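S.K.: Fit chain B to the known structure of chain A by using the hints.
Here is what each chain is made of, one letter per residue.
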Amino acid sequence: MDNFKIEIKNGSINDTVHFHGNIDSHADSHFEELNQKISKKSVVFDFSGAGRINSMGIALLLRSIKSIKTEKQAEISIQGASQINTMLFKMTGIYLLAPEAKR
Amino acid sequence: MIAGLLKKYQRETINMFSLNTPGGIICSPAPPISFSGFPLVHEWPVLSSEDKEEIIGRVERIVEGDGPSHEFLRQRAALMADEMLENALYAAPRDTEGNQIYAKGERRSLVPGEEIVLRCAFDGERLFLEVSDSWGRLSPETVQGFLAINLAHDTSTDRAGRGLYFMWKFMKDFYVNFVPGLKTSVGGYLLLNPDSYEYGAI
Numbered sequence: 001m002d003n004f005k006i007e008i009k010n011g012s013i014n015d016t017v018h019f020h021g022n023i024d025s026h027a028d029s030h031f032e033e034l035n036q037k038i039s040k041k042s043v044v045f046d047f048s049g050a051g052r053i054n055s056m057g058i059a060l061l062l063r064s065i066k067s068i069k070t071e072k073q074a075e076i077s078i079q080g081a082s083q084i085n086t087m088l089f090k091m092t093g094i095y096l097l098a099p100e101a102k103r
Numbered sequence: 001m002i003a004g005l006l007k008k009y010q011r012e013t014i015n016m017f018s019l020n021t022p023g024g025i026i027c028s029p030a031p032p033i034s035f036s037g038f039p040l041v042h043e044w045p046v047l048s049s050e051d052k053e054e055i056i057g058r059v060e061r062i063v064e065g066d067g068p069s070h071e072f073l074r075q076r077a078a079l080m081a082d083e084m085l086e087n088a089l090y091a092a093p094r095d096t097e098g099n100q101i102y103a104k105g106e107r108r109s110l111v112p113g114e115e116i117v118l119r120c121a122f123d124g125e126r127l128f129l130e131v132s133d134s135w136g137r138l139s140p141e142t143v144q145g146f147l148a149i150n151l152a153h154d155t156s157t158d159r160a161g162r163g164l165y166f167m168w169k170f171m172k173d174f175y176v177n178f179v180p181g182l183k184t185s186v187g188g189y190l191l192l193n194p195d196s197y198e199y200g201a202i
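Protein sequences appear in the order of chains A and B.
Just so we're aligned, residue 1 is where the first sequence starts under the UniProt record's numbering, counting upward by one.
Just so we're aligned, residue 1 is where the second sequence starts under the UniProt record's numbering, counting upward by one.
In case anyone wonders, no lab produced these hints; they're calculated from the structure.
It should be emphasised that the depicted structure is a prediction, and the values quoted were computed from it without experimental measurement.
Where a beta carbon is used, it is the ideal one built from N, C-alpha and C, also for glycine.
Among the clues, some could well be false.
What the hints assert, rightly or not - As a list, the in silico BS3-like pairs of lysine-lysine whose alpha-carbon atoms are at most 30 Å apart:
no., chain 1, residue 1, chain 2, residue 2
1, A, K69, B, K169
2, B, K172, A, K90
3, B, K104, A, K72
To be verified - Beyond 12 Å from chain A on every Cβ pair, some chain B residues (computed):
no., residue
4, E43
5, G65
6, E114
7, V117
8, A121
9, Y189
Excised from the complex, chain A in its bound form (with noise of 0.2 Å):
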């Protein structure tokens, strides 16, 4: 099933990335537009839309999130994710390259 999407928003400080639905295998070829998009040096990944992420799903978010941080020298920070999500992102080593959003 792929009823997962990603929408950007290009701020005039940052570039949010709004994930939604599952992260799992079916969400690959989404990623693979992502880096070109992002225009910021300040990128903000927000989770409040994203549903179920599985063990592939954290890879996918790992090799983007190091990608971008490579190609485009750009920070990025996490908001809205939930209580297991956040679990997992601490567990993966996820928020070692990309910290909580400071509110």
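M.R.: Frame of chain A, contents of chain B only:
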């Protein structure tokens, strides 16, 4: 003879995993899981990859109740069922050289003779979850190795066994039951009100 072998392994080789003092993973035999106290054990066969989301939905629905504890249990249950079914559908099937037959996310139906079954039960406090497949490929030693490499807490992207690591971390009494070439079962409990959400680390 195969039935005898199956009985022998089912009786004797439920394996659990824990941390030893230097921080290594140890694998220990444990008695089989008892279903006493569960009013009903559900058993749902998987016939194709298209069944996955429907079965995850059923698992979520047997956790009846409102409030944050029930909602968080449903979230954990859905993730565990997802990882278990992905392993059974895509990681377990191997050719004679040990290569993975199906790519993750690929649509597939089970081949003749292949079986995948999810069992679950909820007694209001404990949710038991188990997925069995008929490949018998996942040895306790392999699981032990996967857990060890995932303990490193670095940010490697394509790390094998990450799903098993999640199961070990989230589930109480996470176990693997293995009959080479015949059956692998992976399971454990999720608690509504656990004293810790990270069992593998304690």
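S.K.: Each of the hints needs a verdict: does it hold here or not?
M.R.: Now for the hints, and whether the structure bears them out:
no.	hint	verdict
1	K69/A <-> K169/B	29 Å, holds
2	K172/B <-> K90/A	19 Å, holds
3	K104/B <-> K72/A	29 Å, holds
4	E43	23 Å, holds
5	G65	16 Å, holds
6	E114	20 Å, holds
7	V117	20 Å, holds
8	A121	21 Å, holds
9	Y189	17 Å, holds
Consistency note: the structure conflicts with none of the earlier hints.
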